[in-house]
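Undergrad: Assemble the complex: chain C is given as a structure, and chain H must be docked to it using the hints.
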Amino acid sequence: MKHKIILTTLFLALIMSAIFLFSQQEVVLTIREGVPAISLALPPFIYDSSSPQAKQAAETIYQVLSADLRYSRVFQLVPREHMNYIRPLNPKEIFFKDWESIQTRILLVGEISQSQDKVIFEVKVYDVKSERMILGKRYQVEPDLFRLVAHRIADEMMKLYGEKPFFTSKIVFVSNRDGNDELYMMDYDGANQTRLTFNKWRDYMPAWSPDQRAIVFTSYRAGNPDLYLLYPYEGKLVPVSTGGTNFAGAFSPDGKKLAFCSTKDGNAEIYVANADGTNVRRITFNSAIDTAPSWSPTGREIAFTSDRTGTPQIYIMDAEGGNVRKVSFGGDYLDSPAWSPDGERIAFVSRVNNFFDLYILNLKTNQITKLTETNARNESPSWSPDGRHLIFSSNMSGTIQIYSIDYDGTNLRCLTSQGENKLPNWTN
Amino acid sequence: MKKLLIFSLAILLVLSFSASCKKKVKEVPPPPAPQAQEQPKVEKVEEPVVKEPVLTEEEIFQKKTLEEINQEKPLAMIFFDYDKYNIREDAVPVLEANAQWLKKHPTVKILIEGHCDERGTEEYNLALGEKRAKSTMDYLISLGIPAERMRIISYGKSQPLDPGHNESAWAKNRRAQFLIIEK
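Protein chains in written order, with my numbering: chain C, 2 to 429; chain H, 10 to 192.
Isolated chain C, as found in the complex:
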């Protein structure tokens, strides 16, 4: 399967490079990985109609779960009207052939009941062809956690198919909605926006640790842009560096190291430290600006921005600083590299005629794909944990907001609206 995908991609890339040769202009194409999504039927949940709470749970969980599955690109929902052609769902006796007849591979049955003041949600997932239950879960849910339980099930579905679950993960970002730049976090779909820092100074450029327990960020709270580690679930804040401007912190994929940019030796250089900020080592030595480190998923390499040739370009080096090579070509202003979780692609920002757009560099084919086309400033890309989506900030609506887009340029959606919101980070 995977080979097939790679082959298809390669074939597409070949055609596209041929087009590129003849067009001599900037490449504008979209990656189509052509993965046939798994057809999943999500019939309306069955609930105890005498309980208004069960009804509310059924509606909310259903709506959130179907949005999750649609967003996943792993599953494809069987249209509701197709279900009109078959016998109504009876959870006690499922007619699998019916479901097969409307091209269903996976059937997800949800039942909601209420016992005393508690809502019980039961999920059964069936493989239609083999007529077997492949997942069964029972949740007891408080009313304010209906969304979370839907995300949990979506994560279970991802795991079931060997995909990286991310529906319960959080996006950290910067918002000025309360007067000045502070850190916030939210669900992947923009729900549950929560403030994390409370002060009158600028808090800036946050990045998650891989387990999403810690956030490295830059703050001007001590009068100088320094790095801090915030542990939002422990209410703990630890300063990391002093002296110079310190920013663009990024945890390594194993969470053990921290790469960041600092000017403490007089010029913007990249440093690597232990995750707690100890044992700082400088890894770039150059009079140019070196910034924006992004780890490869193996942790062996780091992509970064440098203007050593006169304009900012994207480079890759070993995590110890050796073996530096330029990987960008074309364009005179490229920055903010973000290495994809599959290791094969680097998303970055390129400025052309004062517009900033997101591009994806495929490291295997050296092909560059333009992802956004909005005549705006699209900045700060960050991948979803499964590498099928990117979040970024853009002023395409007039104010700066956070958006999500799929790897192939489809499914653009805005996640924020209050104040201005920028510098989103989902994964490093």
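Calculated directly from the structure, the hints in this document are not laboratory data.
Possibly wrong hints are sitting among the right ones.
Stated by the list, open to error - Which chain C residues face chain H? A few, computed with CB under 10 Å, are given here:
id : residue
1  : Y86
2  : E380
3  : S394
For glycine and all other residues, C-beta sits at the position ideal for the given N, C-alpha and C.
TA: Quick look at chain H alone, frame taken from chain C:
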């Protein structure tokens, strides 16, 4: 002389007489009219007014708060070209004037802030803002201002002077500005 002697003797006689037969004499001659006395001069009670001495420029300066000094903007900002951090020719006289002012106030310490326009990415702009602040500091060092009197900070594109989205706004936003932090 004789007359005076006789006269005074006579007075003495009369006086002694009058004294010896005081109890007998009922009528006492009226006392001599008091002599018209000269009035005392009115003395004005006053303390010497404490007059503030004329302050030197330096003393005036020391009296002001940092906030007041910064409001007067004694150090003019300088501007940079797009994507550049070198000191422009038009910035040279500004920095020379700034250096002169700093020499006149040798205790002053300053913070040099580097700023960028919105047409750069967050990370690169933060580094570029720092370069702008640094080259400004280096130029002031070359004009004889000791490095210990200066600190630099970069704000990237986060604090535009002009919120506009056109060339004139961008040109104003690509700047190094000065904040007096100690005097």
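Undergrad: All the hints need checking, so say for each whether the structure fits it.
TA: Status of each hint after checking the structure:
| no. | hint | result |
| --- | --- | --- |
| 1 | Y86 | violated (52 Å) |
| 2 | E380 | holds (6 Å) |
| 3 | S394 | holds (9 Å) |
Violated hint: 1 only; the structure is consistent with all others.
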